[in-house]
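From just these sequences and the hints, can you work out the full model?
Chain by chain, the residues:
Number of protein chains: 2
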Amino acid sequence: MASTADSSVLPAPSTRPRVVVIGAGFGGLAAARALDDVPVEITVVDQRNHHTFQPLLYQVATAGLGVDDICYATRGIFQRQDNANAIQGRVTGIDFDRRVVATEEGLPLPYDHLILAIGAVTADFGVVGVAEHAFGLKSVAEAIEIRTHVLRRFEAADRLARNGDPDGVAAATTIVIVGGGPTGVEMAGGFAELIDGPLRKDFPDLDLDRARVVLVEAADRLLGTFAPRLGHHACSRLTARGVELRLSSTVERVEPHAVHFADGSSIAVDTVVWAAGIAANPLARELGLPTGRGGRVEVDEHLRLPDHPEVHVIGDLALPPAEAFDGPVPQVAAAAIQGGRHAAEVITAAVDARRNGAIAEPVGPFRYRDKGSMATIGRNAAVVELPRGPKITGFPGWVAWLALHLVMLIGFRNRANVLVNWAWNYLTYDRGSRLIIEPDEPEG
Amino acid sequence: MASTADSSVLPAPSTRPRVVVIGAGFGGLAAARALDDVPVEITVVDQRNHHTFQPLLYQVATAGLGVDDICYATRGIFQRQDNANAIQGRVTGIDFDRRVVATEEGLPLPYDHLILAIGAVTADFGVVGVAEHAFGLKSVAEAIEIRTHVLRRFEAADRLARNGDPDGVAAATTIVIVGGGPTGVEMAGGFAELIDGPLRKDFPDLDLDRARVVLVEAADRLLGTFAPRLGHHACSRLTARGVELRLSSTVERVEPHAVHFADGSSIAVDTVVWAAGIAANPLARELGLPTGRGGRVEVDEHLRLPDHPEVHVIGDLALPPAEAFDGPVPQVAAAAIQGGRHAAEVITAAVDARRNGAIAEPVGPFRYRDKGSMATIGRNAAVVELPRGPKITGFPGWVAWLALHLVMLIGFRNRANVLVNWAWNYLTYDRGSRLIIEPDEPEG
Chain Y
1 MASTADSSVL PAPSTRPRVV VIGAGFGGLA AARALDDVPV EITVVDQRNH
51 HTFQPLLYQV ATAGLGVDDI CYATRGIFQR QDNANAIQGR VTGIDFDRRV
101 VATEEGLPLP YDHLILAIGA VTADFGVVGV AEHAFGLKSV AEAIEIRTHV
151 LRRFEAADRL ARNGDPDGVA AATTIVIVGG GPTGVEMAGG FAELIDGPLR
201 KDFPDLDLDR ARVVLVEAAD RLLGTFAPRL GHHACSRLTA RGVELRLSST
251 VERVEPHAVH FADGSSIAVD TVVWAAGIAA NPLARELGLP TGRGGRVEVD
301 EHLRLPDHPE VHVIGDLALP PAEAFDGPVP QVAAAAIQGG RHAAEVITAA
351 VDARRNGAIA EPVGPFRYRD KGSMATIGRN AAVVELPRGP KITGFPGWVA
401 WLALHLVMLI GFRNRANVLV NWAWNYLTYD RGSRLIIEPD EPEG
Chain X
1001 MASTADSSVL PAPSTRPRVV VIGAGFGGLA AARALDDVPV EITVVDQRNH
1051 HTFQPLLYQV ATAGLGVDDI CYATRGIFQR QDNANAIQGR VTGIDFDRRV
1101 VATEEGLPLP YDHLILAIGA VTADFGVVGV AEHAFGLKSV AEAIEIRTHV
1151 LRRFEAADRL ARNGDPDGVA AATTIVIVGG GPTGVEMAGG FAELIDGPLR
1201 KDFPDLDLDR ARVVLVEAAD RLLGTFAPRL GHHACSRLTA RGVELRLSST
1251 VERVEPHAVH FADGSSIAVD TVVWAAGIAA NPLARELGLP TGRGGRVEVD
1301 EHLRLPDHPE VHVIGDLALP PAEAFDGPVP QVAAAAIQGG RHAAEVITAA
1351 VDARRNGAIA EPVGPFRYRD KGSMATIGRN AAVVELPRGP KITGFPGWVA
1401 WLALHLVMLI GFRNRANVLV NWAWNYLTYD RGSRLIIEPD EPEG
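Read top to bottom, the protein sequences are chains Y and X.
1 is the number of the first residue of the first sequence in my numbering; add one for each residue after it.
1001 is the number of the first residue of the second sequence in my numbering; add one for each residue after it.
Just so you know, the hints here were simulated from the structure itself, not pulled from any lab data.
Quick caveat, the model's predicted, so the values are computed rather than measured.
One thing to keep in mind: the hints can contain errors.
Listed next, with one range per pair, are the computed distances between beta-carbon atoms [claimed, not checked]:
(1) Y:419 - X:1263: 50 to 56 Å
(2) Y:292 - X:1429: 43 to 49 Å
(3) Y:428 - X:1093: 51 to 57 Å
(4) Y:330 - X:1255: 35 to 41 Å
(5) Y:100 - X:1268: 27 to 33 Å
(6) Y:438 - X:1380: 49 to 55 Å
(7) Y:253 - X:1252: 55 to 61 Å
(8) X:1225 - Y:131: 34 to 40 Å
(9) Y:440 - X:1429: 30 to 36 Å
(10) Y:82 - X:1126: 36 to 42 Å
Calculated pairs, SDA-like style, for lysine to any residue (alpha carbon to alpha carbon, straight line, at most 25 Å) [said to hold, decoys possible]:
(11) X:1201 - Y:39
(12) Y:201 - X:1016
(13) X:1138 - X:1287
(14) Y:201 - X:1287
(15) X:1138 - X:1201
(16) X:1201 - Y:81
(17) Y:201 - X:1380
(18) X:1201 - Y:106
(19) Y:201 - X:1411
Note that beta-carbon positions come from the ideal geometry of N, C-alpha and C, so glycine has one too.
Okay, here's the thing in structure tokens:
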């Protein structure tokens, strides 16, 4: 009975516009949260049941953090948001005319507004052997794969050393990271610290002075999107930590136990991490969306599909018009968050207009505002670049990096756990997550 | 040059007796640590690269703790013990006459003293379908399997409810735990709290009043090894939390979506956890050891093989003579730790005697001393039984349980992380590790 009286004040749930958000990354979450007070019914669908804090994936790969520290159950994020629900599902198709998302699980998701936020994947740029023999770093599953593989190779090196196989030991204790952007720099610093600290103590019989961490970059400097001074700073700090830099160097192919360069040289190595670039999620093309540069979807000034203004494409997947930024909008978390908020703003205006029977309030076009960028090189060292502001390096930069990442993590529990682990790692030089977790072999 | 002078004081490493410890559980670790000051060369070999704190496995399965909280890299445990080294390896055979352990990895491990501490595995007692369709709980891999499966079934239930399939929902939101010992009681309490707290909020569209946690026990009471009063306490607390008890009930067979009982009744259920018993690791039989009751290896009063006094068998694997305890020695952590220390004592006496050219000091026979047992029923509730001492229940028992488990965990970092997570779980009723971590599907 109360519902009849209420319905005059508030539309019943079924009459509220349905917003479907595909992807629970930074962009999708920002969009759904920004619609908190809007009378819509939001469904966030992601192939995983959790949000992954991608900026710290490299710390999982280098045994500094556990999986549970950087993941957060998506349903949990929306427990207190009454107009939103999260489900795990793999999107297999979108009927843009009938406005229905199809999932592998057989659950159709009809929508009035759609936000596509499915991000990016590792791009191999056609280099032979990368897909088969190199590791990407876009999910916790991949981070755990890297960690497991490296720890297994060090166990193998220990045996190879006892059997008198120095070449085998060299390949097993070498890690080649391709790509000198923030991810590559952070991985190289993380592995240098893992090997020089805990693994050196774990493997007293191995001569880890001969272990190598090699960072390969096609350009003649690191951190190409940062100011040259910061790239040089990263070079000198990584070199001081024992990382070998191989600048102006192009990978020609990756084999199971070697990486070959365009200049004819090669390195015997069992572990190659590919951090040389990303491409928009290929699912976009499979869904029939017109894709442009880097597989990204060309959108209008409101990040909408030109033919379907009810479909917003945000984050790494979107290619906003040139006016949105001085140059192409970078594929970074801040752009995804800003894009998600912009999509929410446009949807809010449309919903308000429909309720009031008026024309939607005009919303200004999407503009990406650069909040700066940062990368850590490891212990006490990071580079921070603020737009038109100061460039910070060394310890102050590192503290700024730590603080920002702690704040950006979702949930008090994850923050507390990360803080405990960082304090532990810092004070003891240890990396507590040196675990090889494998499915049990069948018995008998 | 210095080594020549030194060798008169201390035998060179190669002349020190070699101790191989197979298994990095409670028993193996206790033995290796107790040999800290003894001039031997210890190698601890385990199929995993980490120690697993088995008493808290059920908390990983019920999403209260992460894997990294309860595992500790074995090499890290022995970083500061100069006479010990840890390796990951799968033992495939032992040549008891030539005194060499063979591993799958091809590394032979010669020994002068061997400590076999390979523990126990889940025993299905021949019940049809248990091996195929029920989950055991002896490793973190199994704990993660249970967690993943339950969370997936709740996601499925959410879809089945939308599709109007109440029977499917019922099976997907039912968990049957077989075995009313400490593990079964703790799992049942853990799942009741997981469902009643976070999952109820995660799945607002599901009617979780109809979700079931069923604890099955063949005897007419829970916690058969505890005093009857404590078993009754566990019954009433679990019932108050919504757990259905099915006492005096025998499982006849397990199917993918049902469990059938000897009395002809059955429950439609997608998740069956088998906590009804353990058997000694079948590897013992494969190694050619004579096994007795429960697959355990019969040993002498010093936990040695009668034919090979240089081989000690400890922990869940060993069946010490009747004199060692009032009844058979239970397969619990305390017995494994005491057995490990006893083996170390016998080896120390032998090493001392050899160095001094004397006959070994006589060591008293192994005696298991019961330190008591405890089980938690969940939030604010546990049962604690001290030998010839008081029986503690409720909040004081729970605090004692928490304190003991924190102290027994290895490493400050793990303790700090567990404390953070327990505080979080207690204050918020949340379970932060509700994560489905799956290998990435191949793209394209």
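Results of checking the hints against the structure:
1. A hinted range of 50 to 56 Å for the beta carbons of residue 419 (chain Y) and residue 1263 (chain X) is consistent with their spacing of about 53 Å.
2. Between residue 292 (chain Y) and residue 1429 (chain X) the Cβ separation comes to about 48 Å, which falls inside the hinted range of 43 to 49 Å.
3. Distance hint check for residue 428 (chain Y) and residue 1093 (chain X): the Cβ-Cβ separation is about 39 Å, which falls outside the suggested range of 51 to 57 Å.
4. The hinted window of 35 to 41 Å between residue 330 (chain Y) and residue 1255 (chain X) is violated, with their beta carbons roughly 53 Å apart.
5. A beta carbon spacing of about 32 Å between residue 100 (chain Y) and residue 1268 (chain X) agrees with the range 27 to 33 Å that was offered as a hint.
6. Between residue 438 (chain Y) and residue 1380 (chain X) the beta carbon distance is about 36 Å. The supplied range of 49 to 55 Å is therefore violated.
7. A beta carbon spacing of about 58 Å between residue 253 (chain Y) and residue 1252 (chain X) agrees with the range 55 to 61 Å that was offered as a hint.
8. Residue 1225 (chain X) and residue 131 (chain Y) have their C-beta atoms about 54 Å apart, which leaves the hinted 34 to 40 Å range violated.
9. Between residue 440 (chain Y) and residue 1429 (chain X) the CB atoms are about 32 Å apart, so this pair conforms to the stated range of 30 to 36 Å.
10. The given range of 36 to 42 Å is broken by residue 82 (chain Y) and residue 1126 (chain X), whose C-beta atoms sit roughly 52 Å from each other.
11. This hinted pair checks out: residue 1201 (chain X) and residue 39 (chain Y) have alpha carbons roughly 21 Å apart, not beyond 25 Å.
12. Using a Cα cut-off of 25 Å, the hinted pair residue 201 (chain Y) and residue 1016 (chain X) holds, with the two alpha carbons roughly 22 Å apart.
13. Of the supplied pair hints, the one linking residue 1138 (chain X) and residue 1287 (chain X) holds, its CA atoms being roughly 21 Å apart against a limit of 25 Å.
14. With a C-alpha separation of about 33 Å, the suggested pair residue 201 (chain Y) and residue 1287 (chain X) falls outside the 25 Å cut-off, and the hint is violated.
15. With a C-alpha separation of about 30 Å, the suggested pairing of residue 1138 (chain X) with residue 1201 (chain X) is violated against the 25 Å cut-off.
16. This hinted pair checks out: residue 1201 (chain X) and residue 81 (chain Y) have alpha carbons roughly 11 Å apart, not beyond 25 Å.
17. A threshold of 25 Å between alpha carbons decides the hint, and for residue 201 (chain Y) with residue 1380 (chain X) the separation of about 41 Å lies outside it, so the pair is violated.
18. Of the supplied pair hints, the one linking residue 1201 (chain X) and residue 106 (chain Y) holds, its CA atoms being roughly 24 Å apart against a limit of 25 Å.
19. Of the pairs offered as hints, the one joining residue 201 (chain Y) and residue 1411 (chain X) holds, with about 16 Å between alpha carbons and a cut-off of 25 Å not exceeded.
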